[in-house]
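S.K.: What follows is the residue order along each chain.
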Amino acid sequence: MIVLSVNKLSKSYVQHHGLFSRKHITAFSSVSFELEQGKTLAIIGESGSGKSSLAKALTGVIAPSSGSICIDGVNIANKDHQQRCRQIRMIFQDPSTSLNPRSQVGRILRSPLLLNTELSEQEMDERVSDALRLVGLLPEHAQFYPRMLSGGQKQRVALARALILKPKIIVADEVLATLDVSVRSQIINLILDVQRQQKISFIMVAHNLGIVRHISDNIIVMHEGQIVEAGETAAVLDDPQHTITQRLLMNQQVKFRK
Amino acid sequence: MANHDVFREETIRSPLAHSWYIYQQNTIGMIALWALIFIGVLALIGPWIAPYPLDHQDVGALLNPPSWFEQGEVHFFFGTDDLGRDLLSQLIYGAQLTFGGAFITVILAMLIGSAIGIIGGMSRGMQASILHHFLDTLLSIPSLLLAIIIISVLGPGYFNTLLAVFLALLPLFTRAVYRAVHDELNKEYIIALRLDGATPLRILRYGILPNIVETFVSQTTRAMTSAILDITALGFLGLGAQRPLPEWGTMLSDTMELVFLAPWTVTLPGLTILATILIINIVGEGLRQAIIKGMD
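These protein sequence lines are chains A and B, in that order.
Going by the working numbering, the first residue of the first sequence is number 1, and it counts up by one from there.
Going by the working numbering, the first residue of the second sequence is number 1001, and it counts up by one from there.
Hints should not be assumed to be uniformly reliable.
Claimed, not checked - Negatives, chain A to chain B, calculated, CB over 10 Å:
hint : residue
1    : Asp80
2    : Pro101
3    : Ser111
4    : Leu115
5    : Glu118
6    : Glu126
7    : Asn189
Said to hold, decoys possible - Per label pair, the in silico range of CB-to-CB distance:
hint : chain 1 : residue 1 : chain 2 : residue 2 : range
8    : A       : Gln83     : B       : Ala1115   : 56 to 66 Å
9    : A       : Ser185    : B       : Ile1012   : 22 to 32 Å
10   : B       : Ile1104   : A       : Glu126    : 43 to 53 Å
11   : B       : Ser1123   : A       : Ser5      : 31 to 41 Å
12   : B       : Phe1159   : A       : His24     : 29 to 39 Å
13   : A       : Gln122    : B       : Ile1141   : 56 to 66 Å
14   : B       : Leu1044   : A       : Asp180    : 36 to 46 Å
None of these hints come from the bench; they were simulated from the model.
We put the CB at the ideal spot given by N, CA and C, even for glycine.
Model the full assembly from the supplied sequences, consistent with the hints where possible.
M.R.: Okay, structure coming up:
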């Protein structure tokens, strides 16, 4: 079952240089892909290839210039955050900047519930406890402030915040890049567990091809705002057709050999 | 008695409570805070505790030195000036005029200036741009000069001084809060809050305001210092409060010609101004450091 279908999505913006000269910059253009329920799509590419912008446009941090984002056949490209966030949620790259340092974890998790559901206080507390347990934390952590948590725990809170509205799709923007290796594998296993339990589709922006091969079903390779190669992860990584994909693979294999 | 606390209960302090806990470890800061409270109380109840009324002149005791001198008398603790007015009473009354006036002015400037700053910071495009450049122009003029310009239009007087200082402080607050809000809006946790579907008001209340407390504290301290300096400077230049109002700067200028004959009439008001500003800065800097430390 196809949950998300993105059709000819583009984003370009104008950069002003002084009074009269302006430059049109294209972050990405004519991006189309589909995502099935419970599957993981990985977006890879060099830095500056538009993969982060694409993730932001999907979740509504930036508005796309043209194209459509359909979830279950409904176009959400121009809808407001409230309608969007029950369907698609985002996890940011760095958990230490994406959690408000002056808010308790409980309040951070309650805020989406408060704004988007009509639950009573007690039901909200239950949902917060459930979400914390789901990501391997304790209900007591709701009293904590982000500064008291470790990096891995913060990322778990960020995942709980994404999960708490029970969305269909979660977009993760390089969530694993800032974590160290042991915590990284914990979080990967956690994501895979949650995905199996709740049938959530993931879109992962990543650059570590080892992890990408491990967790994703499909892959998109981006270069200068365009999709240059797409397909099933195993097929693409085993037999890359485009030079960019080959180069990316070579880069990382060289690293492994040393 | 036996101790029943088998497990030490760890209470979780909020960042602000934690900052206050850190501030309490700062001995000099705490001394300064108590001194500041003392000055505040003086400003509040000064007229009731001053030993002599404001218009009291003792013709029998002109230019009495302070009580620790040989010719001094203890019922004129800080001595008297050339009209036989008790210096201690004058300084206590002056606390209301200088410190109290500065305090009210700063609070008002903070409320109104911050409100403008928040509106400017939360809005985008033309509105924000106009505010931005207009305030930049105002900020290029030193606050004392700005106050003198305003006084020259309104005419000298204590109330006009406060008004001028208020108007001079306004852009300072607006600019600082505008910048802080603007910086805050680009943080990831604010974007996350926006993605939750939060209204701008909610983003402001839970996302931005708790994170710019440090700006408020440091800005208020700076404004308080500059307000006291401006009020006393205008008083000293004869543009502010006029005698017989015992505003500290006015007292200084009034007794300038007595500096060789009766140095205490000049040094004591001067030292009072110095001490007050020092205390405010110690408290403000201590609070700022504590808030920054309390964050992590």
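S.K.: Are the hints correct? Go through all of them and say.
M.R.: Hints versus structure:
1. Non-interface call for A:Asp80 relative to chain B: violated, since the shortest CB-CB distance, roughly 7 Å, does not exceed 10 Å.
2. Against chain B, the non-interface label of A:Pro101 is violated: not every CB pair exceeds 10 Å, the least being about 6 Å.
3. Distance check for A:Ser111 against chain B: the nearest CB is about 5 Å away, which does not clear 10 Å, and the non-interface claim fails.
4. The non-interface label for A:Leu115 is inconsistent with chain B: the shortest C-beta to C-beta separation is roughly 5 Å, within 10 Å.
5. Interface exclusion of A:Glu118 from chain B stands, the closest Cβ pair being 14 Å apart, more than 10 Å.
6. Against the 10 Å criterion, A:Glu126 stays outside the reach of chain B, whose nearest CB is about 19 Å from its own CB.
7. A cut-off of 10 Å between C-beta atoms confirms that A:Asn189 is not in contact with chain B; the least separation is 24 Å.
8. Distance hint check: the CB atoms of A:Gln83 and B:Ala1115 are about 32 Å apart, inconsistent with the given range 56 to 66 Å.
9. Between A:Ser185 and B:Ile1012 the C-beta distance comes to about 30 Å, which sits within the given range of 22 to 32 Å.
10. Separated by about 49 Å at the C-beta atoms, B:Ile1104 and A:Glu126 satisfy the suggested range of 43 to 53 Å.
11. Checked against the given bound of 31 to 41 Å, the beta carbons of B:Ser1123 and A:Ser5, roughly 36 Å apart, stay inside it.
12. Between B:Phe1159 and A:His24 the beta carbons are some 57 Å apart, a value that contradicts the proposed interval 29 to 39 Å.
13. Roughly 57 Å separates the CB atoms of A:Gln122 and B:Ile1141, a value that falls within the hinted 56 to 66 Å.
14. With their beta carbons about 56 Å apart, B:Leu1044 and A:Asp180 fall outside the hinted range of 36 to 46 Å.
Consistency note: the structure conflicts with the earlier hints numbered 1, 2, 3, 4, 8, 12 and 14.
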